[in-house]
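Asks: These protein sequence lines are chains A and B, in that order.
37 is the number of the first residue of the first sequence in my numbering; add one for each residue after it.
1004 is the number of the first residue of the second sequence in my numbering; add one for each residue after it.
No wet-lab data here; the hints were simulated from the structure.
Hints should not be assumed to be uniformly reliable.
What follows is a list of derived Cβ distance ranges for each label pair [said to hold, decoys possible]: (1) 136/A / 1331/B: 46 to 54 Å; (2) 251/A / 1350/B: 55 to 63 Å; (3) 1063/B / 188/A: 28 to 36 Å; (4) 105/A / 1094/B: 42 to 50 Å; (5) 1009/B / 373/A: 47 to 55 Å; (6) 52/A / 1008/B: 31 to 39 Å; (7) 52/A / 1345/B: 52 to 60 Å; (8) 450/A / 1319/B: 42 to 50 Å.
The C-beta atom is built at its ideal place from N, Cα and C for all residues, glycine as well.
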Amino acid sequence: MFKLGNLAIDTAKHYGADYADIRIIETKNEDLSVRNGKVNADYSQTLGFGIRVLYKGSWGFASSDTMTAEEIKRIAKEAVLIAKASSTLQSEKVRWAKEDSYKDHWFTPALKNPFRIPLEQKLDLMLKLDEILRKKPEIKVSTVEMSFQNIRKWFVNSQGSEILQDLMRSGAGYSVTSVGNNDMQVRSYPASFGGQYYTGGYEIIEQMELLNNAERVREEAIALLTAEECPEKVSDVIIGGSQMVLQIHESVGHASELDRVLGYEANYAGTSFATLEKYRKFRYGSDIVNLFADSTMPLGLATQGYDDDGVKAQRWDIVKNGILSGYMTNRELAHKIGDGRSRGCSRSQGFSSIPIIRIANLSLAPGEWEFEDMIRDTKSGVFMDTNKSWSIDQMRLNFQFGCEIGYEIKNGKMGKMLKNCSYQDITPEFWGKCDAICNENHWDLWGVINCGKGQPGQRAEMSHGSSPARFRKVHIGIGNKK
Amino acid sequence: MLTKGKIRQFTERVIKASDADMTTVSIAGEKEALTRFSNNEITQNVDSSRYTFSIRCVYGDKVGAVSGTSLDPKNIKRFLETAKQIALNQKTGKKIYPLFEAQEYKTCKGYDKATEEVTPQERAELVKSAVKLCIKEKMSAAGIMSNSAMLYAIANSKGLFAINENTNATFSITAQTKNSSGWSEDSQTSIKKLNVMHDAEVAVKKAKMSKNPKSAEAGKYTVILEPAAVADIISFLSYTVFNGLRYAEGRTFLSGKMGERVADPKVTVYDDPFIDGIGGIPFDMEGYPKKRLTLIDKGTFREIPTDRKVAEMLKTENNGHSLGADDEYGPLPLNLHVEKGNATAEEMIKSTRRGILVTQFHYVNILDPMKTLITGMTRNGIFLIENGVLKHGLKNLRFTQSIMDALMNAEMVGDKTVVQSGGFGGGFSVPAMKIRDFHFTSKTEF
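Here chain A stands alone, though its shape is the one from the complex (with noise of 0.2 Å):
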């Protein structure tokens, strides 16, 4: 594949590329679900190529699923062409951070390849889950769902680097849609939108306790249809782990990349609030709010040895002790902020897609409080997990998110189930609200698996770490709008 790779490289530059790279992907997906008792098994495979070349300072990509030596010499010449078509309508020339250049090959470690565990034992799992999720009649739609996803991506680029990575991708999960009492109410395991994903193999499935899990979660579908609504009011409010995620994800993530803020995504995903100006000044949360990138974190669906750029992993900080601290960055926008070396968030998310700034892992690092504390030492208030629903304004500041679950807190006690849970607020006065935050046996990592971004759009994977906080004086519930 090398080969082909440096075949590419050099005819971009004999058309007259000044940098030129190439990925060749491979990628295998298997997916199954059970719906109600219903198998899918669904097994892809793809393979192609994308070219990337900068012409006098502009972009041009092309790709193709034809893995031959003709296509990619021809493919090569058609991303210059375009190229030099981008170059006619440029006022700034790309400036490309440096990076060293890397031949090497990085592997997820992963323990039991989950492409060579028996299709019938996962399955046997599976239909397990399923009888005992449909054991209720108020339980009208049961869905398991398992999938695993193998990536071998070939990278060589016009400055020496060729990289090989081998990467691997297991998840699973479960949900249950209850119906009665004029009602409808969603529960998941391990988390909503088809469940709990990390980088590595099999074992990954066999750790999740699953079958434990079941009989609790039909249960708590089914009380969530007679629970009462969660009231509209301002409360202080504990997020679990689990909706901490899209909170992380919509509110700092995003916000935090680079392109948003320098305004390339001004007509579709958005902008950012957390502007230039605001660099390492702008109070972004409380004191104790630490939020940390890292793409070299064991588990992370962003963990891999070198981004799409072609730069070596990193760790740094967005925010630390409450201030605005970092971004995601690349190579081609670094010195915006006067870095001279891209942070490495550089993604795409297959051969015929060209890498755009993509969040990495990226967690709010564990406070001091065990959970039972923090609920002992709230007098009046609402704990809310499972993320349900998530809307959040093109600059990153008005949101409101929905839960699948909650519970009332009173004097200090975990009192009844509500349902409809939701919160809304302003990105900075809700960070700037937290108070407390649980320590590090509270804290996992989380994967989000459909974060959608660019034009032509493009999904990407990351993780995100949290363990539950503590928010006060938030507005809570959506009453009864209509």
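Please build the complex by placing chain B on the supplied structure of chain A, with the hints as guidance.
Replies: Then chain B, alone, in the frame of chain A:
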């Protein structure tokens, strides 16, 4: 894109090589070129083409499904073997419906060769003309100019073969000042129908008009939703309210309400893949002919999308909305078309004593599917209307609103529909709407 003959040749090879009891092959192909600009310069320029094939093999009551890229005949044997192993490694079977035999289809007109062949230089020229206007007005422009061609084909071992091709050209632009923005977008099946300068002018005008926006308090307002804003909320009806399986399982707002009035009589909603420019496909993902549905007829709920499974559950007919033989999500209307009314944009504004005009919504999501309660933000041009005139721009607001309640509160429906293609058979055709008691729940400072 590949010719119909080459696509057919690949499907025939797969079916011939398969020893399954039933074999189905589908192919989705896309050639997409897109020039992206921001801060008045081109920032991204891409061209990609890819084909994805899916093979479904049935052995007895068990199914194996595989998919891949590259229609290289060398791949066929390996993928068929994998599909067979997946099927034979399952202990439990499921109900298998027979394959459809060859069908006849109506035509969806949506392919234009010139649109497929637009060059990067031509896209750059169009972008330059629009950006020039924004520079002249001291505004910053961001947007896209794209052209694409898509094909979807399905064939099976009972002799069915269906193929549909369409093209799309889209220009979208956001013009920005220091404290305001305006947006306009046009999506057409042919590049010839695009009017890039018109969109640039609309975006610039909206950005100018909404400069130095003022705050409006949260509360109930009469709103005039421009077509893009209507599409932003109507799109949610497709997979929630009008999902045939959810309906049959009692999981939608409409469950049990067939024949009841669910919207204002001014509202009629179809699922219609044959609307010019909507990018529809005349058959579903099992190759069954798609029927145009009248979902809401003058405010009354009349029809729901079905496939064979849902048709059985509801004891009705299959109307060709399957998302695939093994789909568990439920049949959907992919081409919602809200019938136009007779009100001009000017009449809507003139008849409004106090209200808000919305250009576009952002990041809309569902809070409560049974109530069709959704939330989202306004974006790129929101204006206060007082005594029949646009007064000034407003800072953006969050809304939290039941879609079906909004349709019940429709006071006027616009006299023009705007088509938005969603790619691969999806798309909407909607007019502007004036709606009373629309609930804005919080504000923001920009």
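Asks: Work down the list of hints and note, for each, if the structure agrees.
Replies: Hints, verified against the model:
1. Distance hint for residue 136/A and residue 1331/B: a CB-CB separation of about 49 Å, consistent with the stated range 46 to 54 Å.
2. The given range of 55 to 63 Å is respected by residue 251/A and residue 1350/B, whose C-beta atoms sit roughly 59 Å from each other.
3. Between residue 1063/B and residue 188/A the C-beta distance comes to about 35 Å, which sits within the given range of 28 to 36 Å.
4. As the Cβ distance of residue 105/A to residue 1094/B is approximately 46 Å, the hint placing it in 42 to 50 Å holds.
5. One distance hint, 47 to 55 Å for the beta-carbon pair residue 1009/B and residue 373/A, holds here, with the actual separation near 50 Å.
6. For the hinted restraint 31 to 39 Å between residue 52/A and residue 1008/B, the CB-CB distance of approximately 37 Å keeps it satisfied.
7. The given range of 52 to 60 Å is respected by residue 52/A and residue 1345/B, whose C-beta atoms sit roughly 58 Å from each other.
8. For the pair residue 450/A and residue 1319/B, the supplied restraint of 42 to 50 Å holds, since their beta-carbon distance comes to about 47 Å.
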